[in-house]
Amino acid sequence: MDFNDTPQEAAFRQEVQSWLAANVPSEAELADLDYIGRAKLWQKRKYDAGWACIRWPKEHGGRNASAIEQVIFNQEESKFDTPDGIFAIGQGMCAPTMMTWATEEQNKRFMPPLASGEEVWCQLFSEPAGGSDLAALRTKAVKDGDDWIVNGQKIWTSGAHYSDYGVLVLRTDPDVPKHQGLSYFFLDMKSPGIEIKPIRQISGGANFNEVYFTDVRIPDAQRLGGVGQGWQVALTTLMNERASIGGGGGGVNFNSVYELAQSVNLGDRPAIEDPSVRRKLADWYVQETGLKFTGYRSMTALSKGEIPGPENSIGKLVGAPKQQDMASFALDLLEQAGVIWDDALSERAGLFQATYMASPGLRIAGGTDEIMANIIAERVLGMPQDIRVDKGIPFSEVPTASS
Amino acid sequence: MNFEFSDEQNMLREQAQTFLNAECPPQAVRAVLDGDAPYDEGLWQKVVEMGWTATVIPEAYDGLGLSYLELSVIAEELGRSMAPIPFSSSVYFATEALLLAGSETQKHEWLPKLARGEVIGCLADAESGGQLTAAGLTSRYADGRLTGRKIPVADGDVAGLAVVVAGSDQGPVMVLVDLNQSGCQRQAIKTLDPSRSHAEVIFEGAEATLLGEAGDGWNLLQQLYNRAAVLFAWEQVGGAETALSMAKDYALNRFAFGRPIATYQAIKHKLAQAYVKNTLARGNCYYGAWALDTSADELPLAAASARVSAIQAYYYASKENIQTHGGMGFTWEFDCQFPYRRSKLLAVNIGSEAIWQEKLIAAIEAERAA
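Those protein sequences? They're chains A and B, same order as listed. Its first residue numbered 1, the first sequence is counted upward by one per residue in the working numbering. Its first residue numbered 1, the second sequence is counted upward by one per residue in the working numbering.
One or more hints might be untrue.
[As the list claims (entries may be wrong)] Here are the simulated DMTMM-like pairs of lysine to aspartate or glutamate, each with C-alpha atoms no more than 20 angstroms apart in a straight line:
id	chain 1	residue 1	chain 2	residue 2
1	A	K304	B	E4
2	A	K44	A	E104
3	A	K40	A	D81
4	A	K292	B	E4
5	B	K344	A	D283
[Stated by the list, open to error] Listing some non-contacts, in silico: residues in chain B with all C-beta distances to chain A over 10 angstroms:
id	residue
6	E104
7	G326
8	T331
[Stated by the list, open to error] If the Cβ cut is set under 8 angstroms, some of the chain A residues that face chain B in the computed set are:
id	residue
9	M1
10	D2
11	F3
12	P275
13	L281
14	W284
15	V286
16	Q287
17	G290
18	L291
19	R297
20	V318
21	N374
22	M383
23	P384
If you are wondering where the hints come from, they were derived from the structure by calculation, not from laboratory data. Built from N, CA and C at the ideal position, the CB exists for glycine as well.
Working from the sequences, and respecting the hints, build out all of it.
Okay, here's the thing in structure tokens:
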């Protein structure tokens, strides 16, 4: 066992480091841009130099890199404070689905501008009546000549307001069991009849939107997979979602709470000297290192050209609740000042308060804790699915709260 | 990045699993738990013949000269089968203490015998209730003689050689004691886990020889604990996986309200959590194995991380295994008691969770102060 790159990997890492050091945009370059402009500037620069979406085939804008090279690139890029965030869904989830299901012509048209950041994509899956039970979605598409006419509502759509295109799942047949009546499309987000309303979150931000469809026309040529095959296509997207949404990255971590415990008192001594504080910190530390070294095992598999085992499926289920618990604990350590949430007055400009308020979302987005536990039980441990009372029943006859 | 066992090490694992499935089924654990034999002598002899007791002993002392990664593989498999043999006492304690602090003479005298299983070793550290401390040691070493009472001593009734920690005028010492002498009285005691034998050992002026320097005994014990913590953590992860797989198998076959209880989320989420804890512990064990194998400066932190997460994983999996089995899990007839007993034995034997959580944070403080 060792932590070293192979000679090839080391050479690749060196190449990445040199390029990043010379090309990461300076503060001055970004000063006059909003977060979208900043992200687009950096993405385009990576694309022009051949460092965007490096896993993708060359003809789609990538460089045919291996999985381990992608990991190395991400590790090195994360050492810099680069603008990001608006391409993750399009490049991480929509693109793999397009590359699996769209025509070669369509991919030639859409993948390069997605890689370069000139076009941004979003994903329209969840609905007011279809969250964890995604296949219960009700937004309807009716065939009309070479088009489908769409009516209904999507929700929790990240970035809908700045996206150019989107992928979505629609109900094309309400009279068959729910998974069989779905079809999958991509569409122009500027199509007439689309109305986007931001959702204000408890954290104060508005990263998500409601998207209303009123007689929106989507060409049948933009259907991915067969009519009624939408669920199967959606699974391609979802598999990639779970790979791309983590819970352990930024925010509150062992270091930030450890340092806080050094700086505040509990009783008449620094909190870090209190045994109960030390025990809790130790627990979080071993969770963090447990995830880190599990990640190293997966990287080893990638480095050997193998597919990692199922062990990485625990990341979100561990990371998201841990953020919440650590933020809550940090606020307790701050005592009465814990309630102050003000960039100027709070420790670390309000990191602990912000994480406390954002972490409930982490435990829900991209599969709730409960759904993640089901996935581990079913796909990793091989336990059976829940018994479903809607199985085999035409969707139009499935009971709902209003019926 | 190469953070995985090698193909050869994985072959050793397969070989160990095949061997232990045949030679150490649950009935073998039960036979020791229920019977009078202190350990499974037949299994022990076969383990010795496989060379497992000689794993990390250098060839100069009749060992195999393999690495701690091979020993980690063996530890995990022994833990998985909850083998009722004195392996950890002989290998993680006595052999490791000699490798850590033994003189050439001591190593030549004892390591070949430990490698060949001609003698069983043990560690006599605990003296009574509460946390063991250097200042609290009541057993005394002076002029080559040892006096005092040690309890509990894992395998103290069957061992021929003890590594003992005692106080002395120069401070704490670690000494070697040949247990087959008139100055040693030992008696088996009852414990929470009768599948592993324990004793009370009384030294009455027993002949003893220093391991390392006088006054360095406490420091040596901590180093020994760090090494043993990694190996025990692998046993704990192996045992925790057994507990999880027992629970899963039962849940798949037990019906309630017209369906397998494995279809209920209350059960699925419980077992998913066990999988999460086991996976985290395994990740930390990998790091511990790496640190042990490379004698890295990070060993104290890596050992504490492996131990804390492995204690938590094994406790959770073993208690929820009983819970998943319902009333049957509470019966003597079912095997759910084995991992539940073993998890607690391994959680307290070289210092409890609280002590290792403290060591972990202390190691981080030391690292950051450096």
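Verification of the supplied hints:
no., hint, in the structure
1, A/K304 / B/E4, "holds, 11 angstroms"
2, A/K44 / A/E104, "violated, 23 angstroms"
3, A/K40 / A/D81, "holds, 15 angstroms"
4, A/K292 / B/E4, "holds, 14 angstroms"
5, B/K344 / A/D283, "holds, 18 angstroms"
6, E104, "holds, 30 angstroms"
7, G326, "holds, 17 angstroms"
8, T331, "holds, 24 angstroms"
9, M1, "holds, 5 angstroms"
10, D2, "holds, 5 angstroms"
11, F3, "holds, 6 angstroms"
12, P275, "holds, 7 angstroms"
13, L281, "holds, 6 angstroms"
14, W284, "violated, 11 angstroms"
15, V286, "holds, 4 angstroms"
16, Q287, "holds, 6 angstroms"
17, G290, "holds, 3 angstroms"
18, L291, "holds, 7 angstroms"
19, R297, "holds, 6 angstroms"
20, V318, "holds, 6 angstroms"
21, N374, "holds, 6 angstroms"
22, M383, "holds, 5 angstroms"
23, P384, "holds, 5 angstroms"
Checked against the numbered hints above, the structure breaks hints 2 and 14 and satisfies the rest.
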